[in-house]
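Visitor: Please take these sequences and the hints and turn them into a complete structure.
Taken in sequence, the protein lines are chains Z and A.
Per the working numbering, the first sequence starts with residue 4, numbered consecutively.
Per the working numbering, the second sequence starts with residue 710, numbered consecutively.
Keep in mind the hints are simulated off the structure, nothing from the lab.
Do not rely on the hints blindly, as some may be mistaken.
[What the hints assert, rightly or not] Below, simulated EDC-like cross-link-like pairs (lysine to aspartate or glutamate); rule was C-alpha separation at most 20 angstroms, straight line:
1. Z:Lys58 to A:Asp1162
2. A:Lys738 to A:Asp1039
3. Z:Lys58 to A:Asp1153
4. Z:Lys58 to A:Asp1039
5. A:Lys927 to A:Asp1039
6. Z:Lys58 to Z:Glu87
7. Z:Lys58 to Z:Glu147
[As the list claims (entries may be wrong)] Taking CB as the label site, the calculated pair distances span:
8. Z:Thr8 to A:Tyr780: 55 to 65 angstroms
9. A:Val912 to Z:Ile27: 53 to 63 angstroms
10. Z:Gly26 to A:Gly980: 35 to 45 angstroms
[Claimed, not checked] One-sided excerpt, in silico: chain Z residues whose CB lies under 10 angstroms from chain A:
11. Gly16
12. Ala19
13. Ile34
14. Ser40
15. Gly131
Since the model is a prediction, treat every value here as computed from it, not as a measurement.
Beta carbons: idealized from backbone N, C-alpha and C, even for Gly.
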Amino acid sequence: MNRRTVSGLLVVGCSAVVACVVGIPVLISGISPAMRSRQQSWRPVGDLSNFPTGKVSRGIISADQNAWPRTFGEQSVFVWRRSEADLVVFSRSCTDLGCPLEHEPGSGCFLCPCHGGIFAPDGHRLAGPASSPMHRYSHRIREEVLEIDVASIPPAS
Amino acid sequence: MLSKSLRWIVDRFGLRPIWDHVLDRNVPKDPWYHGDGMALLVLLTVLVITGVFLSMGYSPAVDEAYQSVEYITHQQTLGWFVRGLHYWSGGMMVVMLFLHVCRQLMLGGYKSPREATWLIGVMLLAIVLTTSLLGYVLRWDQRGYYGLRALLATLQNVPGLGERLVFLTQGGPEITSLTLSRMFALHVVLVPLVLLLLVGYHVYLVILHGTTTLADRKEPIETVEEQRELYHEQAEHPVKGEVFFPTAFIKISPWSIVALTLSIGLTLTFGPRELMAPASERIASPVSEEWWFAWYSALVALLPPSVAPTFQWLIPIATFFCLVLLPFVDRSPMRGWRNRPVATTLVVLMVVAILALSWLRHQSPWTAHLAIHPPATPQGVILAAEAEQGRMLFQQYGCTSCHSVAGSGHANVGTDLARMDSIYSQTELRQYILHPPRGVAMPDYAERIPEDDLERVVAFVLVAQTFRRTQE
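Guide: Okay, structure coming up:
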């Protein structure tokens, strides 16, 4: 190896070290949100009395407006009270691409405005490209208030 | 005096080499329609300029973003023009880029020695399509929000990595202000930076390796040396060659003029893209993607459920890798669309498919709409009391969301009652409504419809299925 090759390698080596010293921390910091995990997070949907038996009603989960990072507005769910004690809480998102489902009270179906997803009153798929039934949240009742665990369905649903 | 100052400027600012190697170079004569690349440069310039000024009025926080866009559009002086031009030249760029890629596919523009030019181009295609989605997410209206949701849902289906990719895009486990900051950083800082660097490199390679000339298409060219020799022979030829600036430059400018005129014209005619309601999960909204993604939306709608979750992310990735591999797979020495019947046919089919799918998305025959009116009775038809009550119930039980009746109603999901395959009997209709056959997208009404109501609905359907036939 002659002198020029050695100096060349030295320059390239030093530049690589500088690139790593700057680049690796930046990259780790930027990617770090991907490594976070979701924790159970119980949020109130409303008083049990808001959800009449035998009907599907809308429920709204409000976000904590003082928390940082600021959570995006409100999430919407469907509460289906099959009987006095038996509740199902559906996510409003279509299991295909997350479009907002509409409840059609007459047929009891859930209609997707995007790609033709139609779900039966019990949440199973009737039509459209969605491959899974509507997502159901884990729920509990605390002092007559319905609460759901927002982390109990996949993150982008 | 003037020429002395000019010479000083040329010398000290190092303009001579640019003049010699870029503007004053000889190129083979090109047909006028080879200016699609230049049009993309013009559109990129417009996008960068309008984008910089849009970013000055924009606030990337979930509770402020929408308002800031509203402010730009309605309050800021000429803000509507800046936002309109950014929107329309962005849409125009997607279209022009598509044409640019189609032309190279038909021509064989990726063949040696232009493989690297092509590879950089494929990267640019991927970046432009991605940023064209991120751009309208920033509006933070219903369209933008559900565009983001569709992106996240698609990423989630990537096996093994899904949740990580969603968190990476969102900037955490939920959609927060950080999500919008990330979109902003990507669309406004990172993408333009990378885009300008790569476009510069792409143009440098175009100048270095030239373009596919008319002579290239006459006969098969086996080697790089042969191609280069032919290119320079053409360029320096007194008849077959010409100087780039201004002769070739002017000749290839029509595309740029058209693209720019259209962008400005559309801005003045339609203004910026109308804002939908602010991003919210609370309201009902007819969500849809921007028009340049309509064909993909239709494609996604047509996927059978068994493959949909995989194909949604696989189609873009697979297309990207196919394009990357193309120059290494297609080793044929033929160039020019006349010599490449397979490529030409495929491109024509692709264009037809994209137009057809876009139209299909516009129709969206698969979508059930909440209908608020009962179906109309054809003129001159008077229903018996029971059937008339059935007509009202037909709407109340949500049947109108999917079924039209003799063309009355917008629904196309279920069969039009007047166009069923056969005339059903009363018993058959009862059975069908209570227990629809498996695989039919109709909920069963057993235990959900009182006997009286069922009787009336059946009475209506019995008559309705003869509507068209009585009219004919």
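Visitor: Does each hint fit the structure? Answer for all of them.
Guide: Hints, one by one, checked against the model:
A distance of roughly 19 angstroms separates the Cα atoms of lysine 58 of chain Z and aspartate 1162 of chain A; the hinted pair therefore holds under the 20 angstroms criterion. Straight-line distance between C-alpha atoms of lysine 738 of chain A and aspartate 1039 of chain A comes to about 26 angstroms, which puts the hinted pair past the 20 angstroms bound. A distance of roughly 17 angstroms separates the Cα atoms of lysine 58 of chain Z and aspartate 1153 of chain A; the hinted pair therefore holds under the 20 angstroms criterion. Between lysine 58 of chain Z and aspartate 1039 of chain A, the direct Cα distance comes to roughly 61 angstroms. Violation of the 20 angstroms bound is thereby established for this hinted pair.
Of the supplied pair hints, the one linking lysine 927 of chain A and aspartate 1039 of chain A holds, its CA atoms being roughly 18 angstroms apart against a limit of 20 angstroms. Proximity of lysine 58 of chain Z to glutamate 87 of chain Z is assessed by CA-CA distance (about 11 angstroms); at most 20 angstroms being required, the pair is judged to hold. Restraint check: the Cα-Cα separation between lysine 58 of chain Z and glutamate 147 of chain Z comes to about 18 angstroms, which is no more than 20 angstroms; the hinted pair holds. The hinted window of 55 to 65 angstroms between threonine 8 of chain Z and tyrosine 780 of chain A holds, with their beta carbons roughly 60 angstroms apart.
Our hint of 53 to 63 angstroms for valine 912 of chain A and isoleucine 27 of chain Z is violated, since their Cβ atoms are close to 32 angstroms apart. Judged by the Cβ atoms, the range 35 to 45 angstroms given for glycine 26 of chain Z and glycine 980 of chain A holds: they are separated by roughly 43 angstroms. Taken as an interface hint, glycine 16 of chain Z does not check out: its beta carbon lies about 25 angstroms from the nearest beta carbon of chain A, beyond 10 angstroms. Checking alanine 19 of chain Z against chain A by beta carbon gives a least distance of about 20 angstroms; that is not within 10 angstroms, so the hint is violated.
At its closest, the beta carbon of isoleucine 34 of chain Z sits 6 angstroms from a beta carbon of chain A; the interface hint therefore holds under the 10 angstroms criterion. Proximity of serine 40 of chain Z to chain A holds as hinted, the smallest CB-CB distance being about 7 angstroms (cut-off 10 angstroms). The interface hint given for glycine 131 of chain Z is met, as the beta carbon of that residue sits about 7 angstroms from the closest beta carbon of chain A, less than 10 angstroms.
The earlier numbered hints that this structure contradicts are 2, 4, 9, 11, 12.
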